[in-house]
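Chains as they are written, first to last, in this note's numbering: chain A, 1 to 493; chain B, 1 to 170; chain C, 1 to 142; chain D, 1 to 128.
Heads up, some of the hints might be wrong.
[Unchecked claim] Residues of chain A placed beyond 10 angstroms of chain C at every Cβ, according to the derived structure:
{"id": "1", "residue": "Ala18"}
{"id": "2", "residue": "Leu32"}
{"id": "3", "residue": "Val57"}
[What the hints assert, rightly or not] Partial chain A-side listing against chain D, Cβ under 10 angstroms, derived:
{"id": "4", "residue": "Ile2"}
{"id": "5", "residue": "Glu141"}
{"id": "6", "residue": "Leu186"}
Derived from the structure by calculation, the hints contain no laboratory data.
Owing to the predicted nature of the structure, the values given are computational and were not obtained by experimental measurement.
The beta-carbon is built from N, C-alpha and C at its ideal position, and this holds for glycine as well.
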Amino acid sequence: MISLHYPILNVVVPLIAAPLMVLARHGGFAWLLATVVSGSSLAVSVALFAEVADGSVISYAIGSWAPPWGIEYRIDSVNGFLLVLVSLIASVVAVYSRESVAAEVAPEQHYLFYTMYVLCLAGLLGIAATGDGFNLFVFLEISSLSSYVLIALGRDRRALMASYQYLIMGTIGATFIVIGVGLLFLMTGTLNLADMAARLPGISETRPILAALAFLTVGICLKLALFPLHLWLPNAYAYAPSAVTAFLAATATKVSLYVLLRFYYSVFGESVIFAALPMGAILLALSLAAVFIASTVAIFQHDVKRLFAYSSVAQIGYITLGVSFDSLTGLTAAIVHLFNHALTKGALFMLLGGVALRLGAVRFQDIGGIARVMPLTSFGIVLAGLSLIGVPGTVGFVSKWYLVLAALEAGAWWLAVLIVLGSLLAVIYVWRFVEAAYFREPSAAVARLREPPLSMLATSWLMVAACVYFGLDTSLTIGGAAQAAAGLLGGGR
Amino acid sequence: MIAVVTIVIARQRNLFAVVILFGIYSFLMATVLVALDAVDVAMTEASVGAGISTILFLSALHLGKGIEMKPLHKPFLPLMVALATGAALAYGTLGLPAFSDPQAPIHQHVAKRYIEDGARETGVPNIVTAVLASYRGYDTLGEVTVVFTAGIGVVALLRRLRSRKRGDKP
Amino acid sequence: MRNYLVLRVVAKLMIAFMILFALYVQFHGDFGPGGGFQAGVIAAAAIVFYAIIFGLPAAREVVPDWLVESMVAAGVLLYAGVGFAGLLLGGNFLDYFVLAGDPVDGQHRGIFWIEVGVLITVAGVMLKIFYMFAGREDGDRG
Amino acid sequence: MNVAGHFSYWVTILIAISGLYILIARGNLVKKLVGLAIFQTSVYLLYIAPGKLIGGTAPIVADRFAVYSNPLPHVLILTAIVVGVATLALGLALVVRIKEAYGSIEEDEILEQDRPPFDSSANNNVSN
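So here's chain A without its partners, still in its complex pose (with noise of 0.2 angstroms):
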């Protein structure tokens, strides 16, 4: 009987995991909640992702009113994949995130850290599970303002301005979204995303719902960090305490994705944004441009952080690209990407969070010989790497094939070249890590330095260890991603 409230539960239980944690005031207690409430979304999103991994689609009604006119959860096997992917990684860091926020924050201020952990998760799931345009709206900034506070309790006081900016351009990006879903229910006259896709046709090339798609594009753009609209990204990841930046890299980008694309997909319809604008041309543009761009800015970091903070924009132009194609390949190849740089980036910032805990800073000219005294570390840092790379046998080989698959279907084999001579850039850069820290001399600080603590190796490993092991068998990732993608593809809303 349980498992019909599967939907809600997944996003309430972390929702009033907060306020329990806010009146028990116990940094222990709330990490340990936080743990426990993380792995349950994830054992439910399991459970709800296998219920509609064959293309079936549940709806919750929240209130029993029936949608339209109540709130409506809508799982199907695109957020079913995402929400699995969110609370794994939620999970993850969860345990994770003890010893590194332990040394990062104050001590008393650690259970208001968990508590806006756990908002956070709750906001990102909220909005992956909802088919409401105004609920996504609310869930986006419950996410949104957490995450701007755990921004801000980073150890720098440069962690303040980022935050400062990030708030002030996720609002701008929020309030363009609302704008967007505005403009839809002015024409539709409902909430309800299904209802509003049901409602569309023959309207949909109005001038109103022309300014809603430029509105929401924007506005999720910005987001989503896509490439002119990233400013506040590098900073954000820098300077926010390495769990956070393990967390939100991993999660926060794909979930606005996933918004993009449910936007695009489910109720806007692809013919109006194929095939009545240039939109993949736009897209295409702006992802190439993320990629060479970002990934050139990247190379002259002084902050191993940053370096791969940008490297996540560039990354994240890879998954728009494929977005770009409009085709099957396409878009798998985009939501596999988004799964497996999930995974890579989480994983890398996780062992840098690992890095800072002993050393303090993560720049160049500080970890110098850093491979002799913690080498597994190094070590997981390099794999990962050459996940980003995209070198054979890891997770990041299974996104750029699809990709290139992509391009040659559809006969642009200069993208195809484009793609490969874009990894070339990320060799540069994870090379600059490789030639500190295998081919330096350890400074006198370094020496002295140990691994992390066994928690936070153990659970970062576990990350690299499934980069690889996606990258060796990708029935998994490729099945689901190709289930999605059929299933965005056939409208499946």
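Given chain A, work out where chains B, C and D should sit, using these hints.
Here is chains B, C and D on its own, set in the frame of chain A:
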């Protein structure tokens, strides 16, 4: 009137005046909302915009210089961005149904049931309350959570500072 | 400002009325404009008013920090609790129909309690934010 | 295209433009937040104005009235206002902390302070 105040805010560099003007702006907005029959919203806007926001701004201003520096960068690019947004909005809104058109989709679809059956189904004559608390009650739970997040977030941001002051400052 | 007798007496009266007005807005929300959020703001404003007249420490004695922080959490819990009550009684989450024998009564009951939840959290948060900001200013002055 | 019938939208657009302009063009962190708040209020009008029916009354059911303005936008905007003020509170708390850490609430001064000797990419311009 609102437009005039907005433009004055944009030109004014004394932050104190800006904040007070913002309060006035909120009150004007509230009157407009009453004229548009949105009494619940007007009440909230008056208490939030003119009340809470102004108090918050004033508390924050206590620390600042009060006078804004002349902006260093050229205002050309921001103006273009703002105008582009406005143009997109204008483009979109021109296709919308005209003001007070009872045939517009928003009056015909979901809202119709709220007005016709809301009071009977929920036993609450104020339909805004009925929709807010029942039909879309989950949004309101989300809204309360947002408020909660902000409250705890402010605690997290401002409390830490005190412990720092006492202890480990270099 | 602490020595003006008239001010203090009037203020006390005013505060009583403000709390009363908050309750009116809260419970009249079914029939006229108003509801948990507005009532929460007004109730918080009453305490803020008290703090301005009698000083922040006095207000903190009347409504201590731990109480405010608990209020912040309790409201959300109450709201979600109503949701879970619907769940336990065999409905969906936030299902008010099952809260009482008659569906309309159930709706009434549900709306009443969630509005109380909103009131508690909003009043708590507004007060907490005021305390945090005002507390800092005091610190600055010495 | 009925221009007069869209008067409320013109006001909305004007507010949106000025809000966004204040938000982006100004370097003062507090003023940016004022701009943000104004930008958000434009959305309130965008939602609520079309819900008005001339001759209608506030959506509180009573026997005397037959036509009511649309309640749904009101509900949405109530939520939006609350979210807006929550964001504002958080933003101001950040400003207070920034002021503490940097001694300034001007964006340019703050970015200037952080530039040397750390790194030079605060504005995404790679200078080395």
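Structure-based check of all given hints:
no.	hint	result
1	Ala18	7 angstroms, violated
2	Leu32	17 angstroms, holds
3	Val57	17 angstroms, holds
4	Ile2	29 angstroms, violated
5	Glu141	5 angstroms, holds
6	Leu186	6 angstroms, holds
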